[in-house]
Each structure stands twice: as C-alpha cells, then as structure tokens.
Amino acid sequence: MSMFRNKVRKPNEEELEATFAAQLSPTTAKMMVPRNPLSKFEKRDKKEANSSTDVLTAGEALRQFLTQLIPHVQREQNFVIDFLHVHSGLEDGDGLITYAGYSGLEGYFKRAAVNLQQTAMLNSKLNDILSVMDLIFGFLPGEMKEWVEAMVAADPMQIISVMMALDLVIGSDILVRSEFLNKILEAQQKRSLNIFELNIKEQLKAIETTRLTVKKRKGVVSFISTFPDFVLRVERQMEFGETADCPTRKLVNQLYEQISQSMFEALQTMAKSEGDPVANSGGGSQEDRDKDRLNYHTLIIENMHHFVTTVSKINAPALKASLEKAKEQYDHNLALYIRLVLRRPLARFIDYFQGIDELLRTTEPTQIPQHSQYTRASLKRVISTQDKKDIKKSIETLSKRVDKHFSDVANPSAENSVVMETVWSACEKELIRLIGDWQALLEKCYANPQTESGTSGSNDKGGIPKFEFGIDDVKLAFQKYRPGS
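Note that the sequence shown covers residues 14 to 498 in this note's numbering.
Keep in mind that a hint or two might mislead.
[Unchecked claim] With a cut-off of at most 30 angstroms between alpha-carbon atoms, the simulated DSS-like pairs for lysine-lysine come out as follows:
#  : residue 1 : residue 2
1  : K203      : K214
2  : K304      : K488
3  : K285      : K338
4  : K304      : K228
5  : K263      : K338
6  : K218      : K326
7  : K218      : K158
8  : K304      : K442
9  : K405      : K231
10 : K338      : K214
11 : K218      : K285
12 : K333      : K214
13 : K457      : K405
14 : K442      : K493
15 : K231      : K285
16 : K442      : K417
17 : K218      : K23
18 : K263      : K158
19 : K493      : K479
20 : K406      : K488
21 : K338      : K304
22 : K402      : K457
23 : K333      : K442
24 : K457      : K393
25 : K340      : K413
26 : K231      : K338
27 : K417      : K285
28 : K479      : K405
29 : K228      : K158
30 : K417      : K406
31 : K413      : K285
32 : K493      : K304
33 : K304      : K231
[Stated by the list, open to error] Label pairs and their computed distance ranges (CB to CB):
#  : residue 1 : residue 2 : range
34 : Q386      : N328      : 56 to 64 angstroms
35 : Q274      : G483      : 46 to 54 angstroms
36 : F253      : G449      : 31 to 39 angstroms
37 : L489      : Q380      : 34 to 42 angstroms
38 : K228      : P154      : 16 to 24 angstroms
39 : K218      : L489      : 19 to 27 angstroms
40 : L206      : E341      : 27 to 35 angstroms
In short, the hints are calculated from the structure, not lab data.
All C-beta atoms in this analysis are idealised placements derived from N, C-alpha and C, irrespective of residue type, glycine included.
Model the full assembly from the supplied sequences, consistent with the hints where possible.
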C-alpha cells in the first residue's frame with residue numbers, strides 16, 4: 014500500500030487550518046480577523062489543473078488499491094473453495110442421509126431435512142474458507158488499519174474520503190460472495206466511523222472553546238470565517254464517487270447541521286456577553302442599554318452577512334436550512350439595528366408619530382388634533398426640531414456611528430466595506446420610508462385646519478403641515494456623508 018500512499022496529495026498549511034480545532038493553535042494569528050474565504054482553494058485548483066502528477070485523496074487511493082486487490086483475493090478464495098470441495102454434493106443434496114429420508118417420511122419433510130443439513134455443512138465449510146483465507150491474507154487488516162491511520166494523522170479530513178471509498182466498495186457488485194473481504198472492510202468501516210465521530214467532537218469542542226476564550230467582540234468570529242473553507246474541504250473529499258444514498262453523505266449532512274447550530278448558539282452567547290438586550294435591560298441609563306443593543310446587533314450582522322455571502326457560493330444543498338436561518342438572523346438584527354441607530358437623532362419624531370399611530374386604533378383621524386398631546390401647536394414644536402441643517406447634521410452623526418460599528422481600522426477588508434455600505438443603504442431606505450409614513454399621517458389627521466377647538470391656523474397657514482426638510486435633502490445628505498468616502 015506504500016505505493017498508493019505516495020499518490021495521496023499532501024495538504025498545505027492553509028488547508029490544514031481549515032478546521033475549527035486548528036484555529037485554537039498558538040500559531041494562528043488572530044481569532045476575529047476577517048478572511049478571504051475560498052480563495053486559497055481556487056488558487057489550488059488552478060495549480061493542480063496545470064499539473065500532470067497524480068493528485069488523489071486518501072479515499073481515491075484506497076479505492077484504487079482495493080479495486081486492484083479484490084480480483085487477486087477472489088481468485089485465491091475460489092481456489093480454496095475448489096480445494097475444500099465446498100460445492101460437492103451441496104447443490105442438489107445427493108448423498109446426504111437424513112432421518113426423514115431414512116424413515117420414509119413425505120417429500121416435504123425430506124426436502125426440509127436436506128436443506129437444513131446443507132446449510133449446516135455450508136456454514137462449516139465457510140468457516141474453513143475464512144480460516145484458510147485468514148492464513149493467507151492475515152496481514153491485510155493490520156496493513157489497511159495502519160495505512161488509514163497514517164493518512165488521517167497527516168490530514169484528519171481524509172477520514173471522510175476513506176469512509177466514502179469503503180461505502181462504494183462494500184456496496185458494489187465486485188464483492189459478491191467475497192465474505193473474507195467483506196469482513197475486513199466492514200471492520201475498517203467501523204473504525205473509520207469512530208475516528209469520524211471523534212473528529213466531530215473535537216470540532217464542536219473547538220467552537221465552544223473559542224466562545225469562552227475570545228475577548229474581542231468585533232469582526233467575523235474565527236469559526237464563522239473558517240466554516241466555508243471547512244465545508245469546501247469536506248465536499249472535495251467526496252467528489253470522486255458520491256451517490257444519492259451514500260451513508261457518508263448522510264453523516265456529513267448531520268455534521269453540517271451540528272456545527273451550524275453550535276456556531277449560531279456560540280455567536281449569540283458571545284454577542285450577549287458584550288451587549289445583551291435582555292440581560293442588560295434592567296440597569297444603567299437608556300443610552301448605555303441602547304449602546305449594548307447596538308453592539309449586539311452589529312456582531313450578529315457582520316457574522317451572518319459573512320456566512321450568507323460565502324456559504325451561498327458553495328454547492329452544498331445540505332446547507333440550505335442553515336443559510337435560511339442565517340439570512341433570517343441577518344434581516345432581523347439589521348432591522349433592529351436601524352431602528353435603534355435612527356432613534357438617537359430622531360427620537361422626538363419617532364415617538365410623536367408612533368403615538369399618533371397607536372391613538373388611531375381607537376380614535377378617528379379627525380379627532381387626533383383635539384388630543385392634548387397632538388395639537389397643531391405640539392406638532393409645530395416637533396417639526397421645528399429638524400430643519401434642513403439639522404437633518405444633515407443628524408445624518409452626518411449617523412454616518413460616524415455606522416462607520417465606528419462596522420469599520421475595522423486594524424484589519425480593513427473589502428467585506429467590511431460591503432457590510433457598511435449595505436447597512437448605510439438600509440438606513441437611508443428606512444428613513445425615507447419613515448418620512449413618507451409620517452407625511453401620510455399628517456395628511457390623514459391634520460388636513461382640516463378647523464378640527465381643533467379654539468384654533469383655526471397651523472404652522473403652514475391652515476394647510477397640511479409639512480416638514481422643513483424633504484426626501485431629496487435626505488438623499489443628498491446620505492450621499493455626502495457615506496461612511497468611508
């Protein structure tokens with residue numbers, strides 16, 4: 014098997030780091046540095062495409078070895094069968110003496126007795142065959158075990174390709190009536206499964222250790238940035254012969270589900286330890302609580318954005334549920350972040366019109382201005398807090414906050430810019446939507462200047478009240494103060 018060992022491709026350092034356990038190594042530079050996922054594998058593909066040398070996974074090499082070995086073993090087994098006369102007298106029962114035949118019982122009982130004796134004789138002969146084959150090929154189980162362990166020691170990910178190769182060989186027609194080989198391969202399959210399960214536990218433990226040890230709460234967490242590379246390496250271990258009903262595929266799909274769930278739970282815990290919108294709601298000022306919430310949402314947004322944009326490039330249908338969950342978390346936290354970050358400059362506007370919305374559930378629109386808190390005079394005071402100059406200043410302040418949350422001066426990357434641009438555009442859309450909703454409420458509730466008792470005027474001489482800034486002013490300000498520009 015040494016010849017096939019030399020055909021197995023040796024992983025480079027970057028590929029060996031594409032596991033969660035590797036990220037805990039002292040040689041790993043940082044735990045929360047955004048990476049450029051998938052690129053290392055694209056470079057490797059181009060390099061190997063131009064190479065004329067054999068590039069095999071351990072599973073491919075093992076399958077080639079077994080494909081060459083099996084015919085030789087079968088020839089030996091056939092020789093042993095002929096040598097031991099296993100087939101003599103067993104096909105038709107000639108020469109077999111049974112109690113039913115000796116006693117002259119009916120044909121049914123005679124046939125049943127012959128079949129029973131044939132089975133007993135065959136089992137005895139099979140045991141003899143296995144014993145002889147074990148004498149000839151007794152070295153094979155140990156050699157195969159040592160070979161697999163050496164491959165896994167050099168690259169733990171290779172156990173997946175080994176399991177795939179064993180699935181393909183055991184399930185093929187080539188092993189029909191090869192009891193000796195079946196026994197050996199099934200034993201190796203069990204050992205490989207044990208190695209695989211230990212590997213899973215190691216990866217899950219590494220994710221949990223990262224959650225407990227990483228102190229910095231900004232940027233893409235190491236296990237989130239590692240996951241796409243990890244999936245690619247796993248998928249490439251199975252490229253050489255996967256089938257729809259392959260047992261290894263089912264195990265790998267379960268692995269993805271376990272790791273995704275563990276990562277999402279760990280990320281939630283890490284974000285909460287920095288700023289938990291639930292745990293921290295009982296103490297500190299409102300400003301402090303809002304800051305904690307923003308930090309919480311920022312970490313979730315960054316990591317879910319990275320997960321969705323990278324994992325969606327991988328052709329792995331088993332990840333569909335995880336992608337949907339990540340997208341849901343991203344959308345949910347982005348909406349909450351925008352709501353909080355817009356509140357600081359526009360709190361009076363937001364509270365005022367939210368109050369009108371709630372009052373409309375039980376009050377006619379024309380009766381709103383008669384409410385003491387929502388008279389035209391009250392509305393005028395709220396509107397006067399934001400003119401064109403004020404709204405531009407508010408958007409400039411908003412830009413600085415978004416830049417602070419989503420830029421990383423120590424580790425700048427294109428991905429940071431994409432996330433920040435996405436958040437900034439979402440803030441603009443939300444503010445424009447709010448202004449449109451607020452203007453609709455003004456038209457709905459304040460269209461008639463005579464609806465207030467004792468008043469007949471308004472800040473706009475009896476017409477529908479209008480803001481001192483327009484949507485065009487907002488768009489220009491968002492364009493001018495775009496973060497990073």
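Okay, the hints, checked on the actual structure:
| no. | hint | in the structure |
| --- | --- | --- |
| 1 | K203 / K214 | holds, 17 angstroms |
| 2 | K304 / K488 | holds, 26 angstroms |
| 3 | K285 / K338 | holds, 18 angstroms |
| 4 | K304 / K228 | holds, 18 angstroms |
| 5 | K263 / K338 | holds, 20 angstroms |
| 6 | K218 / K326 | holds, 27 angstroms |
| 7 | K218 / K158 | holds, 26 angstroms |
| 8 | K304 / K442 | holds, 22 angstroms |
| 9 | K405 / K231 | holds, 28 angstroms |
| 10 | K338 / K214 | holds, 23 angstroms |
| 11 | K218 / K285 | holds, 20 angstroms |
| 12 | K333 / K214 | holds, 23 angstroms |
| 13 | K457 / K405 | holds, 27 angstroms |
| 14 | K442 / K493 | holds, 15 angstroms |
| 15 | K231 / K285 | holds, 13 angstroms |
| 16 | K442 / K417 | holds, 20 angstroms |
| 17 | K218 / K23 | holds, 26 angstroms |
| 18 | K263 / K158 | holds, 24 angstroms |
| 19 | K493 / K479 | holds, 24 angstroms |
| 20 | K406 / K488 | holds, 13 angstroms |
| 21 | K338 / K304 | holds, 25 angstroms |
| 22 | K402 / K457 | holds, 27 angstroms |
| 23 | K333 / K442 | holds, 28 angstroms |
| 24 | K457 / K393 | holds, 16 angstroms |
| 25 | K340 / K413 | holds, 26 angstroms |
| 26 | K231 / K338 | holds, 21 angstroms |
| 27 | K417 / K285 | holds, 19 angstroms |
| 28 | K479 / K405 | holds, 17 angstroms |
| 29 | K228 / K158 | violated, 42 angstroms |
| 30 | K417 / K406 | holds, 17 angstroms |
| 31 | K413 / K285 | holds, 24 angstroms |
| 32 | K493 / K304 | holds, 25 angstroms |
| 33 | K304 / K231 | holds, 14 angstroms |
| 34 | Q386 / N328: 56 to 64 angstroms | holds, 57 angstroms |
| 35 | Q274 / G483: 46 to 54 angstroms | holds, 47 angstroms |
| 36 | F253 / G449: 31 to 39 angstroms | violated, 57 angstroms |
| 37 | L489 / Q380: 34 to 42 angstroms | holds, 37 angstroms |
| 38 | K228 / P154: 16 to 24 angstroms | violated, 49 angstroms |
| 39 | K218 / L489: 19 to 27 angstroms | violated, 53 angstroms |
| 40 | L206 / E341: 27 to 35 angstroms | holds, 34 angstroms |
Consistency with the previously given hints fails for numbers 29, 36, 38 and 39, ordered from lowest to highest.
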